[in-house]
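Engineer: For the protein sequence lines, the chains are P and Y, in the order given.
Mapping to this note's numbering: the first sequence position 4 is 4, numbers consecutive.
Mapping to this note's numbering: the second sequence position 209 is 209, numbers consecutive.
Errors might be hidden in some of the hints.
Identical copies look the same in the list; a pair holds intra-copy or inter-copy alike.
[As the list claims (entries may be wrong)] Straight line, CA to CA, 35 Å or less: simulated DSBU-like cross-link-like pairs of lysine-lysine:
no., residue 1, residue 2
1, Lys384, Lys69
2, Lys384, Lys108
3, Lys195, Lys456
4, Lys69, Lys249
5, Lys491, Lys412
6, Lys170, Lys491
7, Lys491, Lys195
Rather than coming from a laboratory, the hints here were simulated on the basis of the structure.
Bear in mind that the values here come from a model prediction, so they are computed numbers and not experimental data.
2 protein chains.
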Amino acid sequence: MQSQFTEANTHDIDQIMQLSFAAYEAYQSQTCQQKAVFLDEIATQIDILGDDLINLASSETNLPYPRLKGERDRTTSGLRMFADMLREGSWVDASIDTTQPDRLPMAKPDIRKMLFPLGPIVVFGASNFPFAYSTAGGDTASALAAGCSVVVKAHPAHAQTSEMVFGAIKTAIEICEMPEHIFMHLHSSSFDVGKALVQHPATAAVGFTGSYIGGKALFDYSAERKHPIPVFSEMGSVNPVLFLPETLKENAAQLATQFSASITGSMGQFCTNPGVMIGIDSAELDHFLDLLCAEVNQVLPAKMLHQGIYNSFNTHREKALNQSDVVLITDENHPTQNLEAMPSIATVSGIEFLENPVLHEEIFGPYSLMVICQNKTELIAVWKALTGQLTTTLIGTDVDFENHLDLILLAKTIAGRVIFNGVPTGVEVCASMVHGGPMPATTDGRFTAVGINSVKRWVRPVCFQNCPQHLLPLALQDDNVDGIWRMVNGKMER
Amino acid sequence: MQSQFTEANTHDIDQIMQLSFAAYEAYQSQTCQQKAVFLDEIATQIDILGDDLINLASSETNLPYPRLKGERDRTTSGLRMFADMLREGSWVDASIDTTQPDRLPMAKPDIRKMLFPLGPIVVFGASNFPFAYSTAGGDTASALAAGCSVVVKAHPAHAQTSEMVFGAIKTAIEICEMPEHIFMHLHSSSFDVGKALVQHPATAAVGFTGSYIGGKALFDYSAERKHPIPVFSEMGSVNPVLFLPETLKENAAQLATQFSASITGSMGQFCTNPGVMIGIDSAELDHFLDLLCAEVNQVLPAKMLHQGIYNSFNTHREKALNQSDVVLITDENHPTQNLEAMPSIATVSGIEFLENPVLHEEIFGPYSLMVICQNKTELIAVWKALTGQLTTTLIGTDVDFENHLDLILLAKTIAGRVIFNGVPTGVEVCASMVHGGPMPATTDGRFTAVGINSVKRWVRPVCFQNCPQHLLPLALQDDNVDGIWRMVNGKMER
């Protein structure tokens, strides 16, 4: 895809990253309160764009107005959430151990620690979230909150939307008198430009949401650097869902409605889409599948985000359906037009699934595969074969869970989020959210991409030893003027 | 170096890692209280070894008894510190966001997050800390506390010491009825064995303390994996020390004594050894150097850890002294015998230092280079050329610091720890300590290798969504029986 904007080339990258680094240095003199005002102002400026922005995004992405309005609101809420976090102040993880001058055999020094920003962050816009994981989305908001500068490479599939959001950020920079280059924006569809961004010496870390191939390539570019940097790629996931026996007897109809919506909503273009379901062969499972198909058959095909994603969906879906023992169980009775994806459910036996790694791959779109196991042992084997997931879901009654306590222990080794009796789509933005998971779900399962803890991706701790009080950052001075939570001599206090 | 013990080969590694993984799974059923008792018991068993252990370590490492006794005590204190951390319980970083069933447009789910262990951890023993960074050292203690299993590759330079400590751990495993293979121990001097350990699919993370070449190789082995894993290599550092003008007028004699001891203590075999000093050309700096040389000239050469480190010290020292403009300013008037290092101070001009990357490299041993700058601009340029340090130190009076506030801001971008008017050697074990720093000081500057926060290297967060109360881990249940600190709906409480 080629946008109508000037494409950056690899020669531009050096200048862009140098400007970004200078802006990062200048940004350090801004207080947390000033940065909070700045983030709020970005949100305000995006709100001011109103329906023009949403309609433009809809025309570029084929996503419907209500979905995009919700995503826009989530994006501005995210900016305001980080502004609140900065005002509250405890996020810097301050810790103080005071001196003991008389300790033997030697005096205990005064040591004080807090988090500081890494430097310029390169963010790659995501095609499936033109607001929430793109220009002013979660990566940008958390990085600016951390005190980093940001360079966004717009996703070419919504380049105009990205440019319009960039305009809002520029206005906020001017109003708040922030360093001009604290946020920079470029267009490119070239792999070389992505590589140059990741490998520039001034780049301190990378945020990416998208395919495994794309995310792993960025990770590998970093590993090639003289000094590798953190790369946070949030990549593919099939988000396995376990259907336990008892619940299928009692709740089949409700589950069918719920999962049809989760599999086909936004044409399945979510990283938390339930792409693999797992159950044990039974009449109840057959019944559930009948009800699920009846629901999915009623979902009309709709346009996917762009030609590339549409082609990829069809190619991967066809490939999967051509594998041994895989059976398509939904109808194909809706005529589809350009870019329209056909919602689909297929089945396969546990044995075949275990033997065929093709079936373990994510098919990004409205598709889910029910793996029908002969027994619990096979179900566990199938589940374990799918390590490294953003989410895994357990559907069961109290009796089911009592009968399968071992599965609950195992669940946490597989994913970053374990859902009970719900759908994996819909990622709540809160402090306890973990939107992450072991490789290959992400390149760094120790961090979350959603919620205030996502700021932790862009910082590192530094401690000061015997630093004179007045030279310490405010957060580490004795009088704690901002009243933040701190660990002082091993105890939390403020 | 070849030890007298059977060397593991690459074929053994698969079995070792599989046993370690099974032990990790079994260890999950132990409570934090039980793990605490286990860590305490390891400390007790090491104490029981008494002087036999210290004398053996001294014979293997050439380190003197008092130093090793202190290190042994630090090691057992570390084990007990992690036991206390487990008993207190807040380290799991629990966070709870409760449900809001009436929220519009959709119910807010109940989300609860805490930290869980990654899996089997491979630890490479360090030659310069036979206790504190070896068999039962900080990496092992923190990994066992986190709930991981541990596989230690003993350092061949103190294989017998490592074996004796392993015996203490084995006894503790038996007494506490822990899984037999929760801790495994092997001997090898082969790179292939190290590579096989890092690249085994069951290995979840790696801890290493040693040279840049060794640590970076482990990082690269991980990057070659299908699913790379966290590698925490704590590597080289020259720990630059800035001497500001006023303090040299007032405190030269005291500083000379302090830095002579820091440069030559344990024959400079510390990763925090001050290998580069930086000052501005002046009569006061010359005077300080005279005093420093007088002190260092009185330090008798002593044996280094082993032949390899001794050879490396001499090679690198000779290479440095042969560089243009480098002048040795200490005497070489002590006769040296086998393995004995000659304590040395050299000088070079700022301009030469900036142009010659050879001079930026760590020389592991009792050596420090004073870089004499023409002015403050050059001093900053020299300092910035040394990014990625474990520590950096500022030596100055109040007037000096007032005159150089910009240096204080810059210091935190260079290192993990910033010391004021002290020496970088001596790493206090406390919650606020950051023993880490940007590449190339470590492979992951976001974590510390010392203090209770070092446990964070071996865990990742998992959240539970709408999980029935009684199925949640104790730390996330409403009634908080252990009274740990938790973030509940955005507020810290217990």
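Engineer: Indicate, hint by hint, whether the structure satisfies it.
Structural biologist: Hints, verified against the model:
1. Proximity of Lys384 to Lys69 under the C-alpha cut-off of 35 Å is found in neither arrangement, the shortest distances being 38 Å within a copy and 47 Å between copies.
2. Only between protomers do Lys384 and Lys108 lie at most 35 Å apart by alpha-carbon distance; the minimum there is 30 Å, versus 48 Å within a single protomer.
3. Taking the shortest Cα distances, Lys195 and Lys456 sit within 35 Å of each other both inside one copy (24 Å) and across copies (30 Å).
4. Proximity of Lys69 and Lys249 under a CA criterion of 35 Å is satisfied in neither setting, with 38 Å inside one chain copy and 66 Å between copies.
5. Taking the closest pair of Cα atoms, Lys491 and Lys412 come within 35 Å of each other both inside a single copy (29 Å) and across two copies (25 Å).
6. Proximity of Lys170 to Lys491 under the C-alpha cut-off of 35 Å is restricted to the inter-copy arrangement: shortest distance 34 Å between copies versus 43 Å within a copy.
7. Taking the shortest Cα distances, Lys491 and Lys195 never come within 35 Å of each other, neither inside one copy (45 Å) nor across copies (41 Å).
Figure legend: structure checked against the earlier numbered hints; hints not met, in rising order: 1, 4, 7.
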